[in-house]
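Protein chains: 2
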Amino acid sequence: MDSKIFNKELPMRSVRVTDAFWKGEMELVRTEVIPYQWEALNDRVEDAPPSYCMRNFRVAQKMNREKREQGEAYEEPRYIFRGFEAKPEDPQHLKNEFYGFVFQDSDFSKWIEAAAYSLTQHADAELERVADEAIELVCAAQQEDGYLDTYYIINGRDKTFSNLRDHHELYCFGHLTEGAVAYYQATGKDRLLKAACRFADYIADYFGPVEGKCKGYPGHEIAEMALVRLYEATGEERYLNLSSFFIDQRGTRPYYFDLEHPENGQNRSENDQKSEQKDEQTDELRYQHLQAHLPVRRQEEAVGHAVRAVYLYSGMADLARLKQDESLYAACERLWNSIVNEKMYVTGGIGATHIGEAFSFPYDLPNDTAYSETCASIGLIFFARRMLQIRPDARYANVMERAFYNCVLAGMALDGKSFFYVNPLEVVPEACHKDERKFHVKAVRQKWFGCACCPPNLARLVSSAASYAYTESEDTLFVHLYMGSEIAKSVNGRTAEISIASDFPWDGTVQIRVRAKGTALCLALRLPDWCEKYRIEGLENAGTEEKDGYLYIRKDWNEEDLLRLSFPMLPRLIGANPKVREDVGKAAVTRGPIVYCLEEVDNGANLHLLSLDAEAEPAVADGEICGVSAKMVVWPGFRQSQTEEGGALYHTWHREKKEPVELKFIPYYMWANRSENEMQVWVRIAESESFSG
Amino acid sequence: MDSKIFNKELPMRSVRVTDAFWKGEMELVRTEVIPYQWEALNDRVEDAPPSYCMRNFRVAQKMNREKREQGEAYEEPRYIFRGFEAKPEDPQHLKNEFYGFVFQDSDFSKWIEAAAYSLTQHADAELERVADEAIELVCAAQQEDGYLDTYYIINGRDKTFSNLRDHHELYCFGHLTEGAVAYYQATGKDRLLKAACRFADYIADYFGPVEGKCKGYPGHEIAEMALVRLYEATGEERYLNLSSFFIDQRGTRPYYFDLEHPENGQNRSENDQKSEQKDEQTDELRYQHLQAHLPVRRQEEAVGHAVRAVYLYSGMADLARLKQDESLYAACERLWNSIVNEKMYVTGGIGATHIGEAFSFPYDLPNDTAYSETCASIGLIFFARRMLQIRPDARYANVMERAFYNCVLAGMALDGKSFFYVNPLEVVPEACHKDERKFHVKAVRQKWFGCACCPPNLARLVSSAASYAYTESEDTLFVHLYMGSEIAKSVNGRTAEISIASDFPWDGTVQIRVRAKGTALCLALRLPDWCEKYRIEGLENAGTEEKDGYLYIRKDWNEEDLLRLSFPMLPRLIGANPKVREDVGKAAVTRGPIVYCLEEVDNGANLHLLSLDAEAEPAVADGEICGVSAKMVVWPGFRQSQTEEGGALYHTWHREKKEPVELKFIPYYMWANRSENEMQVWVRIAESESFSG
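Chains as they are written, first to last, in my numbering: chain A, 1 to 693; chain B, 1 to 693.
If you're looking for bench data, these hints aren't it; they were derived computationally from the structure. On a predicted model such as this, the values are computed, not experimentally measured, just so you know. Don't be surprised by glycine CBs; every beta carbon is placed ideally from N, CA and C. Careful: at least some of the hints might be erroneous.
[Claimed, not checked] To be clear about the criterion: a stretch of chain A counts as covered by chain B if any three or more of its residues have a C-beta under 8 Å from a C-beta of chain B, and this derived list gives those stretches:
id : stretch
1  : 337-348
2  : 429-437
3  : 545-553
4  : 568-581
5  : 650-664
[To be verified] Here's a subset of chain A near chain B, in silico, CB distances under 7 Å, partners left out:
id : residue
6  : Met-63
7  : Asn-64
8  : Leu-259
9  : Phe-361
10 : Arg-391
11 : Gly-585
12 : His-608
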């Protein structure tokens, strides 16, 4: 890995986000999303399906107590947060039953992770108290041997790890660990971290390469990267080794999931008699959904459930970096290219089909039936940052930025109160209501989902946005996203202070104030792919080098230096690879990192009748939606006449009659905030004007 | 119904088809499809799922005998047809069990109907013998009370008519009746007709408006039109009245299907508590699939399962005609317009979604996920002819022609050996294999289906094509389709002989030789909608009138008159209503009644990169596919460059690079005869050439 420049996250508390845009998003998460989700976790949101998450922990805690303190009265703690009282069910009625999805514990873990990040940016004594109480409850649910998954604590420990393929125990462990590390790093409190370590130790005793240990691995990945994070927080090699074991074991034959589910193996045997080769392929199809069809180092194409896939690849990238594992890195690179060259929407969304919430085949990127799950795009950001940590290459950061500002932010309403699970690039509400093929596509955000993976995942990502904006190596601060912040970086025992100010994503001017006198600080500034020519001032006496899309700046820093960067943000038309059938003859409008879309509320119904005049000059205008300011784009174009003679379904073809109109584009992430209405990202390109009607 | 000109089918044996095109299709049905399907009905086609159809009749027959002749040995008849011996299972092994779909009996009925029509055009002693034997078997399965549905004969008569909603008894009765009438009209033999009458009498005793009789109606329609046909063949009013009862009863409240399935009613009661109005709508949605959501006279939009819908509408049109029922006719007219103005593919296919094999909402006509079932298009032809019988208006005949030459014929391979159930307008084989959303779309025809409605339905329609080409009133012969034939028509007690010759659908010249001296024969010739200007010679001394798309010709006929019609067939571009999202910016190529398509085998892969130069001159060329001659269309156009710089998924937009190519179109109905490959009907229209790169 000669050309690698390893780098790592900045310590969470050494970055203070000052950015207007991101601080707004973070405040929304802090003031709306985190409290709302706490209510949801406690089944107190009206008209939303109950989560049962905290209820399950309470039941598990109660069962633990009943076991330990037989006969003693059980006292239910009160959960009060900002005036809401938990009103737990009467303990008499806390029947020893598990409710909700098998992975319901993870709702808590994502929430505590989001709360942790939020606390690093904004002290909030009440949030911290509630979080501490919740942690106490969760820890009280832990079993004496360290096991901590309420589904099996409540339903019977004898079945522990009996269905790795479907039952998400290791997934819940992974999220718990992520939350525990985050809370420890944010607050210094190690109560939950210790619980996670005890659970990890239990798992490390159970699984592993040593004879007699279980050879299974997670059905839904995440434990792989969580274990790396636990290793990095604690220094305990056994966690790193367990992650390696899970990664290396995955997809080896005989398939562990076949051994676990002998009924599958039987199917295989029948096929065997027909054709061994055909059988191999059938087998592979069978476990593609779980990325367990082949050993990970032999995987070439991103397949299966998109969230699982990018979580796996993130863990692979972590291990490739820490173990300097070339073949694992090569697999990551292939899978990265498979995604970004063949399977990613222009919004950074991934997962083109709702069937299995999965990747479709290369270049199959339908806009109106897209799945493009918010969580999958979040996972793509995880993967991107980990690839950046191996080699700072703007290829990764460009995708990270694309996913962040577009697909991911679209997942949350501008008021933080409702969420998208699925992020289509074209919506006709009538079709969502009447066409069962599009029932997964919602035309408005939902308050909460029974399977509520996306909202809390979004909360933890937005709260920790700074750890994606910057990474560092010994002497270098990498700026991947231009997010306004105050950063303290230690270079050779001294502290350099870097203050970044920008009005991203609306304006491309960036001011970087550096106080690094006496340090060998190197600044590595990403040059975004959407900007052809940038300008920079303040480089007097500096040595600069452009490499892999980063501008490296070294100089003998003064008491204070000021760099002024300018990335002109011009409205741009984007074309898709001609292999993408759905986008042929169309273009998408972008400006800076923002992908734009048309909405019916601004452009009238039947958006498909609009076409864009590619030769015309677009204009940028200030606007706002629901009180949130943004730059809008107005692009001249045409509206095709909507009626045909006599309303016939078919007629002798003639050039379309069309009238000039202004197409009013809004940022994609802001869509569906003003009512249910049509939306469209890819717009037909009109013929040149001299040929129109 | 003042403006109506009622007309009826010609007697089957008074038309002899001489047409090269249709005779070819009919010979294919006679020599390939009918024998093949007989084998299929007897479970003797390798690699095709068994039908069990004749087996079920054999079991029912055996059970009948066992009941009647207890103790006597059962002797299985041998079924030998063109060298194939039936090899029936050892009767010891004919277990008293029903196999296959609940409507499996209808396979026989459609087959016998096809055989009947075929016999009217081509005497075939062996076919007639096999048909007679099969009829003997079926009649031997009939119960003493007249009941004749093997599913309940085998599974227990106590459950007869207990699940009208799902169990297709009345559907099987309907098909049996259609087959019986056809066989009687073709051969004069009434063995099966009598069986059908006995079954009809049984049903008429069971269902009806009189108190105490069952108030149900068919879940899957067809009995309605079959009963009308039985009435017309026998003159028995009770069959007409039973049809009326089924039609009038349908969709009335309380829903019969709710009474039959009380578990549905319960759901309704729960909803009741919330909102009566919402509930009405929910109810309607619930039975839209079966067109039983509203009384038929209140139905405005064609909804639900497309085959069922057009079978129902056909029965409604029959009754509207015979009973001169204005409100029923008005409903037919509304439903007709709903289909042809909002829900029909350019190929005459209907049913846009595979979910429920159903109509989608207005203008939702996706090309690549189309259902467009062969049987639905056949049913649309039934409906069209019945509307024509009320009022000869080319609106109906134009659609009939469109469906016949395109969607319906596409259902059968050129060698008559394989069939499409689903008829998409755009196919990418990779998507059919890899995208579960398109698994219903096949890129090649299949040999036989477990649910084999389409192949025998196609056989019966093609064999009876002449009854769609012509109808008659007292003095008028209506020519709806230009099919070469010798027709004998009785006018005021004398016989007029009309001989029609044409090379349709490839050439628009039609010669009509009339020997009608002394008769008051009126000829009504359809003026096709695809022809702007026709020419006609031989009208000396004739009185002519153009009305509703027909040219009416009356004259003092000579010993022999010759009319020469000419409908120029020029390649034409068709545009879709702008409300059809999937076709915006695209056009379809047609010539005469034929819709054309592009295939990969002629045009290379990635058909979506082709665009058509609408201003260029197309050419017509002779060609052939699998030995079948046809007129092909070559239209100048362009192929967009397939590769982008560096293979990136997204790039700064630029006008597409494209090179001129000749787009080679073949008739749609001939697609997928030369291998699995891409196909596309709707083609993007290119910008005018002066703007192309």
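For each hint, the structure was consulted:
1. Proximity of the stretch 337-348 of chain A to chain B, defined as three or more residues with a beta carbon under 8 Å from a beta carbon of that chain, is established by the 5 residues found.
2. Using a Cβ-Cβ cut-off of 8 Å, 6 residues of the stretch 429-437 of chain A lie near chain B, which meets the minimum of three, so the contact claim holds.
3. Coverage of a stretch by a chain is defined here by at least three residues with a beta carbon nearer than 8 Å to that chain's beta carbons; for the stretch 545-553 of chain A and chain B the count is 0, and the condition is violated.
4. For the stretch 568-581 of chain A, the proposed coverage by chain B is satisfied: 10 residues have a C-beta within less than 8 Å of a C-beta in that chain, meeting the threshold of three.
5. Counting residues of the stretch 650-664 of chain A whose beta carbon lies closer than 8 Å to any beta carbon of chain B gives 7, which reaches the threshold of three, so the coverage claim holds.
6. Given the 7 Å rule on beta carbons, the hint for Met-63/A is violated: about 35 Å separates it from the nearest Cβ of chain B.
7. Proximity of Asn-64/A to chain B is violated relative to the hint, the smallest CB-CB distance being about 39 Å (cut-off 7 Å).
8. Hint status for Leu-259/A: violated, given a least beta-carbon distance of 27 Å to chain B, over 7 Å.
9. Residue-level restraint check for Phe-361/A holds (minimum Cβ-Cβ distance to chain B is 4 Å; threshold 7 Å).
10. Below 7 Å, beta-carbon pairs count as interface contacts, and Arg-391/A has none with chain B, the closest being about 19 Å; its hint is therefore violated.
11. Interface restraint check for Gly-585/A: the shortest CB-CB distance to chain B comes to about 6 Å, inside 7 Å, so the restraint holds.
12. Given hint, His-608/A at the interface with chain B, holds; its Cβ is 5 Å from that chain's nearest Cβ, closer than 7 Å.
When held up to the earlier numbered hints, the structure conflicts with 3, 6, 7, 8 and 10 and fits the remainder.
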